[in-house]
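Asks: Sequence:
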Amino acid sequence: MLAAAALSTALSLAASPFSLLAIQDPVAPAPDRSVFRIEGEEIVLGVQEGPKALTLLDLAREVGELEKISFYLPERGDEDALRKEQVRLLRELRVPKLQARELLENLLKQHNFAMVEQGEAPLRTVRLVRMQGEGLQALKSSLRFVPPAELEGYRNRSGSLVVTTLSLQHLNPQAATTMLSRFFSNAALEGFASINDGTSSPALMIVGFGPTLCAIRDLIQSLDVPARGDSGVEELHFGIELWEIEDASLGSALAELSKPEEIAERLRASGRKQGPFSVRASLITGKPMSVPIPAAPSASDAANRTGQLEITAQRQDAERFQVSVKWQGATSTSKAEEAHAANALHISSAMLMKPGELRVVTMAPDASRTLVVLLRLRG
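Under this note's numbering, think of the first position of the sequence shown as 158, with each following residue one higher.
Warning: the hint list may mix true and false statements.
Said to hold, decoys possible - Each computed DSSO-like pair below joins lysine-lysine, with the alpha-carbon atoms no more than 27 Å apart:
1) Lys225 to Lys266
2) Lys254 to Lys225
3) Lys297 to Lys241
4) Lys297 to Lys266
5) Lys297 to Lys254
6) Lys266 to Lys241
7) Lys241 to Lys225
8) Lys266 to Lys254
9) Lys511 to Lys483
10) Lys297 to Lys225
11) Lys254 to Lys241
12) Lys416 to Lys511
Since the hints were derived computationally from the structure, they do not count as laboratory data.
Take these sequences, add in the hints, and give me the full structure.
Replies: Below you can see the structure in the form of structure tokens.
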């Protein structure tokens, strides 16, 4: 498939009278440096008056050279339109060079143009097409599919028109499409359709510009949550192991491990276990509940080294929960450890978790020991 796509791209470039040189013509006059220049790590667009005007074609040439982008103009009318459209600013604009492409996309979109990536490297080109007339048909027939996992990279790509899919776990597809109809102003270009073959989870296919698709994805994820009863209660099940470390060398060894399963295995071989605990927490929509976990005292100084863990959880989206772990209530006989314990009241760790994931949280409630929490959100 990749080879066929590459061959198709190569043939289309060879057959078109307006190849890449149409926009990368080496003899094309450079724009007046008072209206476009590069200063250090910034692009500067100056105030443009009279004949000093920067066209979209000029800007595309400059950004293409800076970003090493091979722009492609398949239609003569599109090239002429880019040459006529002028970028006139009332005050100087400075943009980091790293945002050169975003700058161009923003201006193209304002002038009713779009960018469509085609082909794979090294044959990848970017078409510049008007969002009207013949250019509209060219856009609709050559959109790039962006996997959902890569969509975030298009959040600030305001001129990139792409297509993606969004899976629905709980949200009704009809309700989703009714809601999405409010997002699109150009129905001839942008749009959506529900996909539901009855054998898998329903999904949405969406066509639109990068920022719009990211906003839609964020909204869908916030709404695509399990249905709740009248009480609005959802239950989570946490498995918790609490380990105490008094051996500094063990603490150093654990610090060198990165995978939670490796840390758990090392702790089970050398640490001092308190627990395990199995806790079910009821989460009220919009109001997370805290679940106290009593921590058994250690063998030494048992009377003065007690405390509890507090687990707080709240649904983040359809798949993940925002979970925080905090140590509370440590006491000690020494003033130094009392001060340390007072600070420990604020020790916490927040993370995003999916059902089945194991996470490790390390805390030091006093000066002589370290607590390691193995926390698993069970499905």
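Asks: Of the numbered hints stated previously, which ones are contradicted by the structure, given in increasing order?
Replies: Failing hint: just 5.
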